[in-house]
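Colleague: Sequence:
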Amino acid sequence: MYLLLAAHAHGAALQQVTQAGDPHPDRPEPRLISASELAGVVRHLENRPREAPPRWIWHRTQDWYPALLAAGVEVDRCYDLSLRGNILAYSQFAAHTEYARNAEKEPLDDPQELPRTLQPPPPPADQGALFDDVRQRTPRHTLAELRAEYAAQQAALADAAPEENKRKRLQLLLAAESAGAMIAAEMQHTGVPWREDLHEQILADYLGPRPPSGHRPAKLEALNTELRGLLNSPGLNPDSPQELMRALHRNGIEVKSTRQWELMESSHPAIEPLLAYKKLSRLHTANGWAWLDAWVANGRFQPEYVVGGVVSGRWASRGGGALQIPRQIRGAVHADPGHKLIVADASQLEPRVLVALAQDSKMAEAARDKDLYAGIAAQGFGGDRAKAKIALLGAIYGATTGESGRLMPQLARTYPRAVGFVEQAARDGEAGGTVTTRLGRSSPPPSEGWFRSQQSATAEEQRRAESIARSRGRFTRNFVVQGSAADWAACWLAELRRRLRALRADGSVAAELVFFLHDEVMVHAPEAGVQACVRAIEEAAAAAKELLFGPIPVEFPVSVAVVDSYDNAK
DNA sequence: ATATGACGCGCG
DNA sequence: AAAGCGCGCGTCATAT
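Under UniProt numbering, think of the first position of the first sequence as 1, with each following residue one higher.
It is possible that some hints are incorrect.
[Unchecked claim] Using 16 Å as the maximum straight-line C-alpha spacing, the simulated EDC-like pairs for lysine to aspartate or glutamate come out as follows:
(1) K370 <-> E243
(2) K370 <-> D345
(3) K219 <-> D205
(4) K570 <-> E520
(5) K219 <-> E200
(6) K389 <-> D371
(7) K279 <-> E221
(8) K389 <-> E403
(9) K166 <-> E546
(10) K278 <-> E226
(11) K219 <-> E272
(12) K278 <-> E243
(13) K278 <-> D293
(14) K279 <-> E262
(15) K219 <-> E243
(16) K570 <-> E403
(17) K279 <-> D239
(18) K278 <-> E304
(19) K370 <-> E538
(20) K279 <-> E304
(21) K278 <-> E221
(22) K362 <-> E555
These are computed hints drawn from the structure, not numbers from a lab.
Quantities reported herein were computed from a predicted structural model and do not represent experimental measurements.
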């Protein structure tokens, strides 16, 4: 059952449609629901006995789902038309379709002009009078408009490239992306279990007692005093890179920047306290008491995840730096009493994805090892694991200089297919072309300005043009691997959500997904349910591999840690 | 006073 | 040790 949900004057409008997007012949007429009724109606439709839950079709999951979750209502499935539209508008698998031709494509160089086939968004259905003026200014999508959009997307999908299962892959990507949108809202609603007392203890250990706001903590103040003495700069503010640079130069420390690694080249006695200051200062400003006040409440850290926030398909986040929780404070992420944190990580995901994409059977042999880098080292680098890792990551990122660049020929000799694959992606990008992930997410085309930049008259312009082209080549080279890894992770996450919901539904395990970071998930589970969850995580990983690549001999192992505290996970 | 960009550093 | 990719965010400095 496919149910369209659109904002309406005082609530929502609901309409049953066919899979293709036509009004359903049995019940073609829309149904109007007040905002206060909505959660109850959705709950009812989700829980009808002996009936499969509906597939909700809405413009943006973020506009509807948070309010439903707040009312205690989860939904099983949805299509997020906005996210689907963004993929379909660019996907090379659907480039020939009418949908792609009609989509308003803006170059992605300007983040303000992300293409939205449905723009602007309708306001949340449950917002009060505060938003009334906004509502009047932003045209909302009617049911008819949403239905037309959905029908157009379905038509594009039906018309997508059939060869090598590309259509199926694209369909899978659209479903996984929509599942991701639900998961993002659910994880934000649940939040990461966060012990404020443990966080405060960590801060006290590193920085001293909490200072009045606007003041440096004791340990930072002491280091600052020491620095001022050692650098003969009584008024120095080490937080100012310019001041700091001048003070360093006055003392004969000739650095071009104040970056850590450059400072470490010097053996001046001020360097050690300076690096210590920078480290602690970072903790204080990024994840100190102010952060705790702003982002943690009632024992939970509830960041917003932005699905589709990265062109490669990775998620971004807003608020609290959710994707950068530093190791220093991971001890504050702590399971509730009687619960465990299950932290699972897809080992060496991107290199394994490259193996599968390139169908490099030689590298696949190395990937049979639990430690892929060790396998590569044994085959082509005289057992030197560090070298093998640097070489392989360099191939994925497009390293040209340094050790990584020097190791490339050696890697290419042993693995011509894998290296050839990323080289081809780089050449496509350098030529202004587009590359596509396993499931059909394509890189944005270059802007017109990019093509203009490639037309050069003078030798100087030519050099500049080549540098810009190479930079784009590094982007597309990385895009296919990072993006296909994101494809895999999206399927992993969606499959895991399905399994955890099943465990919850049969009453056996009340486990929740609480965190996701590119190739890592965290599940918060009652102790008795840990084994079932670990199984679900591993099964979901195997399912994701099968969905993307079918029965190929490449493993995607996950390493699972069952811990009380996140800092014990790795 | 507020917006913007560079820098530096956290994460994968 | 950083490098080659993708991000968010706090700070300082500068422009408006």
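Colleague: Holds or violated: are the alpha carbons of K219 and E243 at most 16 Å from each other?
Modeller: With a Cα-Cα distance of about 21 Å, the restraint between K219 and E243 is violated, given a limit of 16 Å.
Colleague: Between the alpha carbons of K279 and E262, is the straight-line distance 16 Å or under?
Modeller: holds (15 Å)
Colleague: Does the alpha-carbon distance linking K370 and D345 stay inside the 16 Å limit?
Modeller: holds (13 Å)
Colleague: Just to be careful, I want the Cα atoms of K278 and E221 compared with a cutoff of 16 Å; is the pair within it?
Modeller: Satisfied, since the Cα-Cα distance of roughly 12 Å is no more than 16 Å.
Colleague: Would the pair K279 and E304 pass a check requiring their Cα atoms to be no farther apart than 16 Å?
Modeller: Not satisfied, since the Cα-Cα distance of roughly 27 Å exceeds 16 Å.
Colleague: Sort out whether E520 lies within 16 Å of K570, counting only the CA atoms.
Modeller: holds (11 Å)
Colleague: Taking only the CA atoms, is the gap from K389 to D371 under or equal to 16 Å?
Modeller: holds (11 Å)
Colleague: Are K219 and D205 close enough, with their CA atoms no more than 16 Å apart?
Modeller: Holds: K219 and D205 sit about 10 Å apart, inside 16 Å.
Colleague: For the pair supplied as a hint, K279 and D239, confirm whether the alpha-carbon distance does not exceed 16 Å.
Modeller: holds (12 Å)
Colleague: Assess, step by step, whether the Cα of K278 is no farther than 16 Å from the Cα of E243, and give holds or violated.
Modeller: holds (14 Å)
Colleague: Assess, step by step, whether the Cα of K370 is no farther than 16 Å from the Cα of E538, and give holds or violated.
Modeller: holds (14 Å)
Colleague: Taken at face value, is the distance from the CA of E555 to the CA of K362 at most 16 Å?
Modeller: holds (14 Å)
In the structure shown, a violation is registered for the earlier hints numbered 1, 13, 15, 16, 18, 20, in ascending order.
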